[in-house]
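Chains as they are written, first to last, in our numbering: chain A, 96 to 219; chain B, 96 to 219; chain C, 96 to 219; chain D, 96 to 219; chain E, 96 to 219; chain F, 96 to 219; chain G, 96 to 219; chain H, 96 to 219; chain I, 96 to 219; chain J, 96 to 219.
These are computed hints drawn from the structure, not numbers from a lab.
None of these values were measured; they are calculated from a predicted model.
Treat the hints with care, as some may be off.
[Stated by the list, open to error] Selected chain J positions facing chain I (in silico; Cβ < 8 Å):
(1) G206
(2) T211
(3) T213
[Said to hold, decoys possible] List time: in silico DSSO-like cross-link candidates among lysine-lysine, alpha-carbon distance up to 27 Å:
(4) F:K160 with B:K160
(5) H:K163 with H:K194
(6) J:K194 with H:K194
(7) J:K218 with I:K194
Just so you know, even glycine gets a beta-carbon here, dropped at the ideal spot from N, CA and C.
10 protein chains.
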Amino acid sequence: MTQKNAKQPDRGVLSAMDYQYAGTRDIEIVIEQPEFTSLCPMTGLPDFGTITVTYVPAQKIVELKSLKYYFLQYRNHGIFYEHAVNRILEDLVAVLSPKRLSVTGCFTPRGGIRTTATASYEKE
Amino acid sequence: MTQKNAKQPDRGVLSAMDYQYAGTRDIEIVIEQPEFTSLCPMTGLPDFGTITVTYVPAQKIVELKSLKYYFLQYRNHGIFYEHAVNRILEDLVAVLSPKRLSVTGCFTPRGGIRTTATASYEKE
Amino acid sequence: MTQKNAKQPDRGVLSAMDYQYAGTRDIEIVIEQPEFTSLCPMTGLPDFGTITVTYVPAQKIVELKSLKYYFLQYRNHGIFYEHAVNRILEDLVAVLSPKRLSVTGCFTPRGGIRTTATASYEKE
Amino acid sequence: MTQKNAKQPDRGVLSAMDYQYAGTRDIEIVIEQPEFTSLCPMTGLPDFGTITVTYVPAQKIVELKSLKYYFLQYRNHGIFYEHAVNRILEDLVAVLSPKRLSVTGCFTPRGGIRTTATASYEKE
Amino acid sequence: MTQKNAKQPDRGVLSAMDYQYAGTRDIEIVIEQPEFTSLCPMTGLPDFGTITVTYVPAQKIVELKSLKYYFLQYRNHGIFYEHAVNRILEDLVAVLSPKRLSVTGCFTPRGGIRTTATASYEKE
Amino acid sequence: MTQKNAKQPDRGVLSAMDYQYAGTRDIEIVIEQPEFTSLCPMTGLPDFGTITVTYVPAQKIVELKSLKYYFLQYRNHGIFYEHAVNRILEDLVAVLSPKRLSVTGCFTPRGGIRTTATASYEKE
Amino acid sequence: MTQKNAKQPDRGVLSAMDYQYAGTRDIEIVIEQPEFTSLCPMTGLPDFGTITVTYVPAQKIVELKSLKYYFLQYRNHGIFYEHAVNRILEDLVAVLSPKRLSVTGCFTPRGGIRTTATASYEKE
Amino acid sequence: MTQKNAKQPDRGVLSAMDYQYAGTRDIEIVIEQPEFTSLCPMTGLPDFGTITVTYVPAQKIVELKSLKYYFLQYRNHGIFYEHAVNRILEDLVAVLSPKRLSVTGCFTPRGGIRTTATASYEKE
Amino acid sequence: MTQKNAKQPDRGVLSAMDYQYAGTRDIEIVIEQPEFTSLCPMTGLPDFGTITVTYVPAQKIVELKSLKYYFLQYRNHGIFYEHAVNRILEDLVAVLSPKRLSVTGCFTPRGGIRTTATASYEKE
Amino acid sequence: MTQKNAKQPDRGVLSAMDYQYAGTRDIEIVIEQPEFTSLCPMTGLPDFGTITVTYVPAQKIVELKSLKYYFLQYRNHGIFYEHAVNRILEDLVAVLSPKRLSVTGCFTPRGGIRTTATASYEKE
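Okay, chain A solo, but in the shape it has when bound (with noise of 0.2 Å):
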């Protein structure tokens, strides 16, 4: 059951939105996604877990159903827990170049062990 990982996710699916309040007041925004489903590289069996993005939005803000679908991308792709992490941070710093942002992910357990990885970005 190995996996050809033909499709990248693609962080072009994702759009942001004007933050309102820019320049005037910071807001500290936490997105949940608890339905999270990839493919462990090795075996190509599905990994399940909950992927929470915290951030503090410079000009933009992430449209939450833009965010929906950037996840399902992953559900048929092949990736470590802690090289998806990363990739979902640089996705969304990309995208939304906020202040601050950072992803955790918090995956069910494997033979027994639960693993949890946090990535973490800061502007300069």
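Chain A is already provided as a structure; the job is to place chains B, C, D, E, F, G, H, I and J on it using the hints.
Positioned in the frame of chain A, the structure of chains B, C, D, E, F, G, H, I and J alone reads:
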């Protein structure tokens, strides 16, 4: 099911009472409204969430019944999460002139995705 | 159902005991009374809540039974949340002269809205 | 039902073992005894609570079975909450000479009121 | 039921993979094994607990399946809680050379007493 | 602190409304009042509890606001748990003539002991 | 804030689909809508609750999106709890002709009192 | 640490009151004592558990304070779980002559193993 | 994003083992798969849910790894909740010929609405 | 990592005590061992679970310490869930000759799938 926003929420319904210990001692007040509901400006469908207001009053504290009626104005009003949180913050700051105040909106999942947003004010 | 406040809560019922380790070692004491009830001064209807007292004694610790009777005095007394919290703080500080002391009142929802208030004292 | 305290709790029953990584690496150890019981010195009635000991050993760690027997000595001993917490702290510090140690007692409600007390020690 | 420790746990079974974002971005990884079991060196009876490893990799991340087999080696091995936590820390640090790493063992109650122990490493 | 019971709770404050589906369809209604409080007739001290009323109406349903005021009458009334439950049952049966009705009182612990009492009525 | 009920909830928005296993095997379906809201016909203020529908279909199953829109009609409609539950039951029975069906409404507390109501239908 | 059982628990401390609704209506009463403790007759070490008494009185109900003192007699008494449950049942039946009565003891784990025992009586 | 169902889930991947106590004693087996996911046939979007299988074997028990692979076949398959539950039931009955078997699917909310469906089989 | 089952679990380690109320009154006893572990006969890897034994004794009750040692024998023994449950039931019935007895094994997830199995015995 598009939604005309004929009537904007009006901060005029908010009333304030004197804080009897003003100048003597600070008090931190947390108010939680778990029955907040507004409309999504894109679909016209209702959003549900919990609004939490945390503040330290200067001279005035908010009268709770008036706050309840203030929140009721959002029931048939179309507004994005992030802007509702900012608007509530602005209206309360205008009426109370508090030492500090923050507003958090924690909304029930849409498309499986849960969102929480927090905006803060601090008197300079 | 308006309410005459003939009898004000009286701090005289509070009694204190010596803290045997005074001068040797600090102790932080947290006391929680989940059965606090008073009356709303506007409607005369009862309010219910949990009062939490956290303090570091100097020479004296409060005797718990006397504290219970002190809280009982609010049962038929009309007072706003924010003022009850401040009053309890003042009475306990007067009787105990503690190093620091805070009082939190967490009240059950009214009109769907839950309120928590915290006031603090620190010896200079 | 008054209670004579003929036999004071004796720290002599506590035994300690060498901490093998002393000088190499600190370890923080948390020990929780949810079955602590003593007697109220005023009424002779039993009190129940959870004692939590948190410490960083220097050369010695406490042997758990001896700690259990140490706690058992309070079963028919009359002592106030605040003093029990301090006494346990003193006995453990005397036997272990730890880098730091704290004791928290969280007692079941009496007269509806719950009490928690925490005392701490830090080597100078 | 004394226990000969013929075979010591062997860090050689641990394998590591490259962290693809090494030098670019830190990631904090939390791994939880709730099915850890070893033997008490005094009684030969089994201990049960949850081992939690938290680390920030430098160049290497641990391969989860190898970690699972590493933990399995403790199943018939007699060792005290505090030393197991330290040993796991040393083995993981030796194999991963992480930026920082901590190990917490939370063990099920014995004689009614629950113990938790935490050791930490930070690269200088 | 003995308590004169000058004013007995009066079922006259209870009001009932027509059940519009009487004769067509049964409905089971569960009403929970978690803020019930009365006085212990022996000590005069307050008791707290949750009263749950479960009933199937015949022609009448209870008006909730009147029920709230009915319960308020117990606030300064001395009565044992078991009799309060029976009395509430009798008053509601008298006013509603329901098909069946039961009352459960679940009271907060006194002396560490929690009590729950349930009485039931069924129309013959 | 009285409320004119110009537009009654209309069962015409409900649509049904064929149950493919009709005649072969029964299925019990439980549908839970935790975001139900209507208006109190006396005060015009919103009520909030969870509606649970449990049924065994005969030939038809309800289409979930149409059910969502059906519930939305109550948002600005004034109706008592007990009647809302009965009305929803009647509308669903009319559209689905199920073998059996029940509706439970569990409403958030008003005046501290929580109400749950259940009505049931069974085909003769 | 063997234990002489000089003083057997004495049912004489139990007192009963008239049940005012005897002959009119049954009431089911559940009494929960979560602070029960006795001694293991083999090791002399304390056992802890929750005793739950459920009964329907005939003419008498148990006075709660006397029940508390009755349970206190087990504190320094050595008895097996299964026999304690039976003995409490016999003593309560003797004093109350109830319509039916059951006793459940749920004891905290020993050697990792938790035990619950239930005995029942029904008047013929 | 419509979905072609080229490959139907195939019961051929299910394998069974002998139940060693067949004819001697019944055993009830409950299997819970909380990571079930399929596609909505109308929108092509993923559904998530927990499938619970409860059965009493006759001669055969299901091999768990094969069941896991069987469930995996639904990952990219479009099917309604109610039909998925029925289909899984039919496939397991065909392979196991159990004495009785039921399947429950509890799906995560869509549009705020949660659905649970249960189908059952019993050998005549 | 295949596993030779040289030593089968031996019911000889189980010991029983007289039930003092035999012939007088039934008692239902529930024993829960949450630290059960055995080996999977296919992979040699450990399984973890909770074993619950529920029984009504005739003449004998099981001695808990001997039961603990009995369960320990499965630690390095390879056996399927369903057969372990049956074997424990047979061994306990053989030693206790109870009126009735059931054994439930609730095992931690493997491959994301959780299994529970229950077997029962009743004296004819």
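Check your understanding: Between K194 (chain J) and K194 (chain H), does the CA-CA distance stay at or below 27 Å?
Key -> The given pair, whose Cα atoms are some 26 Å apart, holds under the 27 Å limit.
Point to revise | Given hint K194 (chain H) paired with K163 (chain H) - CA-CA distance at most 27 Å | key: Since the Cα atoms of K163 (chain H) and K194 (chain H) sit roughly 22 Å apart, the hinted pair holds (cutoff 27 Å).
Practice item. Sort out whether K194 (chain I) lies within 27 Å of K218 (chain J), counting only the CA atoms. Key: 22 Å, holds
Point to revise | Restraint satisfaction for T211 (chain J) [CB to CB of chain I, less than 8 Å] | key: 4 Å, holds
Point to revise | Hint validity - G206 (chain J) Cβ closer than 8 Å to any chain I Cβ | key: 5 Å, holds
Exercise for review: Using Cβ atoms only, decide whether T213 (chain J) comes closer than 8 Å to chain I, and label the hint accordingly.
Suggested key: 5 Å, holds
Check your understanding: Hey, K160 (chain F) versus K160 (chain B), does the alpha-carbon distance stay inside 27 Å?
Key -> 18 Å, holds
Comparing the model with each earlier hint shows no violations; every hint is respected.
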